Amino acid sequence: VVLFDVSKEIKNASLANIYTNDANRVDILKKIKSYYTNFFTDNRDKGIYLHGTFGTGKTYIISALLNELAKKDVKSTIVHVPELLRGLKESFSSDYRERFFTLKTTPILLLDDIGAEYLTAWGSDEVLERLLHYRMNENLPTFFTSNLTLEELENFHYTTNLTRCGMCTNRCLLTIHKFESGENFISG
Numbered sequence: 001v002v003l004f005d006v007s008k009e010i011k012n013a014s015l016a017n018i019y020t021n022d023a024n025r026v027d028i029l030k031k032i033k034s035y036y037t038n039f040f041t042d043n044r045d046k047g048i049y050l051h052g053t054f055g056t057g058k059t060y061i062i063s064a065l066l067n068e069l070a071k072k073d074v075k076s077t078i079v080h081v082p083e084l085l086r087g088l089k090e091s092f093s094s095d096y097r098e099r100f101f102t103l104k105t106t107p108i109l110l111l112d113d114i115g116a117e118y119l120t121a122w123g124s125d126e127v128l129e130r131l132l133h134y135r136m137n138e139n140l141p142t143f144f145t146s147n148l149t150l151e152e153l154e155n156f157h158y159t160t161n162l163t164r165c166g167m168c169t170n171r172c173l174l175t176i177h178k179f180e181s182g183e184n185f186i187s188g
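In our numbering, the protein residues as written are 1 to 188.
Check the hints yourself; a few may be wrong.
[Claimed, not checked] Capping the alpha-carbon separation at 25 Å, the derived lysine-lysine pairs in BS3-like fashion look like this:
id, residue 1, residue 2
1, 46, 75
2, 72, 30
3, 75, 11
4, 11, 104
5, 8, 104
Note that these hints are calculated values from the structure, not bench results.
As the structure is a computational prediction, the values presented were derived from the model and not from experiment.
Between the sequences and the hints, there should be enough to build the whole structure, so can you do that?
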């Protein structure tokens, strides 16, 4: 299991150590076990989208599955999406193509915490869309964890405006992200 910008404890995640006394976990643990059982058959799913509130063990559960598959020599990569996008921007001049190729071609990919990033057109069109399109065409399993339901993620929209601050004579350029919820994120 290759880790990009995720906790090292994930490398040791184990199905045997998952807290199972929570009734909310029964269905997902059945799905995880079914995925594991069917992985080497034609009956396997293309992946799993696991959502829930912060700190509920989503990443740990999927990572435990990937660690079990690693025992059968199935390679996988786990990447924290917000850090992935930042890291790819920073690596344009060095290893961007190599990192992107690794993510595209890894036998199993976990995109951890999708929806937690401020997704620009570049992140959406040039990274995630190309990555997911390739993986779908090659029938490569992709897993997702998120704090958002799939419907919330699909409907997650915001607009970006650039404006000059008029509070002083510097007239600094501000980037304003306006979310449908009415919240604003201003940087500059």
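Just to be careful, I want the Cα atoms of residue 11 and residue 104 compared with a cutoff of 25 Å; is the pair within it? Measuring from Cα to Cα gives roughly 21 Å; hence the hint holds.
Given the hint that residue 72 pairs with residue 30, does the C-alpha gap stay at or below 25 Å? 20 Å, holds
Straight-line alpha-carbon gap residue 75 to residue 11, limit 25 Å: 13 Å, holds
With the threshold set at 25 Å, check whether the alpha-carbon distance from residue 46 to residue 75 stays at or below it. Measuring from Cα to Cα gives roughly 16 Å; hence the hint holds.
For the pair supplied as a hint, residue 8 and residue 104, is the alpha-carbon distance within the 25 Å limit? Roughly 22 Å separates the two Cα atoms, so the pair holds.
Hint compliance for this structure: every hint is met.
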